[in-house]
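Numbering-wise, the working numbering puts 256 at position 240 of the sequence shown, and it's gapless, one number per residue.
Capping the alpha-carbon separation at 25 Å, the derived lysine to any residue pairs in SDA-like fashion look like this: (1) 491 x 58; (2) 491 x 437; (3) 63 x 310.
Hints listed in this document are in silico derivations from the structure and should not be mistaken for laboratory results. Please read all numbers here as calculations on a predicted model, not as lab measurements.
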Amino acid sequence: MRPAETGLHAGRAGVVSGFEILLVEGDAMSGHGEAVPMRSSAAGPLKGEARVPGDKSISHRALILGAMAVGETRITGLLEGGDVLDTGRAMSALGATLEHHGPGAWSVHGVGVGGFREPEGVIDCGNSGTGVRLLMGAVATHDMRVTFTGDASLSGRPMGRVTDPLSGFGTRAEGREGGRLPMTVIGAAEPVPVRYVTPVPSAQVKSAILLAGLNAPGETVVIEREPTRDHTERMLAGFGASIRTEHGEEGHVITLTGRPELRPQDIAVPRDPSSAAFPVCAALIVPGSDVLVPGIGLNPTRNGLFETLREMGADLSYENPREEGGEPVADLRARYSPDMKGIDVPPSRAASMIDEYPILSVVAANAAGRTEMRGVKELRVKESDRIDAMARGLRACGVAVEEGEDWWAIEGCGAGGVAGGASCETRLDHRIAMSFLCLGMAARAPVGIDDAGPIATSFPIFQELMTGLGARFDKMTEGATA
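I would like the entire structure built from these sequences, with the hints used as guidance.
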């Protein structure tokens, strides 16, 4: 079938296993192809509603669990960025049928637990670490071989943190040196359940093990010393799996009974708090701003950034709290906050805001005093080394940054005190790109980035949304300075 209008930038249709997906190929944001240098400059106040896309983490899981259910799962609010569309292609390659009904509206006709077929070709996960790691878990207990690849950024990221625990099921993995893509996962012909203690907090690792455990007999157990985002557990329960979480001396003990028949669901995906972070944080640092972000997911395992901002003195308020699809939701209002102060961010909060540290560092640069962030070594192995990337760009813009392997600290310049005037390297990392564009909105001189293209992987309407609020972006010729 041909998709209805999606609300994505104009794109080209690619036929994949009998259905078409629009690929993001806008004039300013593209997940692939030539670099798109861009510059952000100070403009007037940011005003209005910021209707950010659906939650990326929930979107990935909705497609995967819909494909593992028996029957039709209907999804609204799905994020139609490159990362999630790559997961949709993977589900089709593994035998599920996907239909597109309009912006954010999809149906997934699942094949049931254990029903995946061996794909004919390589599964390309693009830039998505979440996508590839969850997919490795989903296929790990199927008797077949699946080869995964990705872009240059994803191919540089370690996969051993997932493939090592999956080996307990009887799964094997063959990849490049250092456990990197391209990698072939050889699923266990006769899987056995595992009991695994996660050495570092990681929702991706936990979720991969639970997805693998669906097609293993008996009980699969994951033990977390620190809680991570629990979208997988919530959604598994919604699909009818027998799963329980207990809190004991070991930490959070999550027990899943294998080989259930998952029931199809109607899933309303809330708006992504990680995407909301950008218009929210920009509003806090741009004079006169007042921005409302409606329908934001406020899962307690994801709201660490908003807690931190309030502790810094940000003018943030929650309006109309409610529950949608089993997830807490509210409208979030952010107003310009010139009196924010630097704080020490508790290391225990890292798991609930790991993707938000880059944009937090931009806010910290516009606050007074020192902001110190510890327990964040996970940032070193994201789409890029996010500590190094942000530190280099911030220093080039006149901000003092100190860093170590597991920590970094920003010496704030105060409201309106960031010099700017630099062109920053994004390293194929969507969050680095958006963070520096937000920095330019409040700096004394424009801030440039070498490539806005990767933004399409998670926030394809970022430019349109931010300029609609009052931001000012300009294309740059490659090699130009900010």
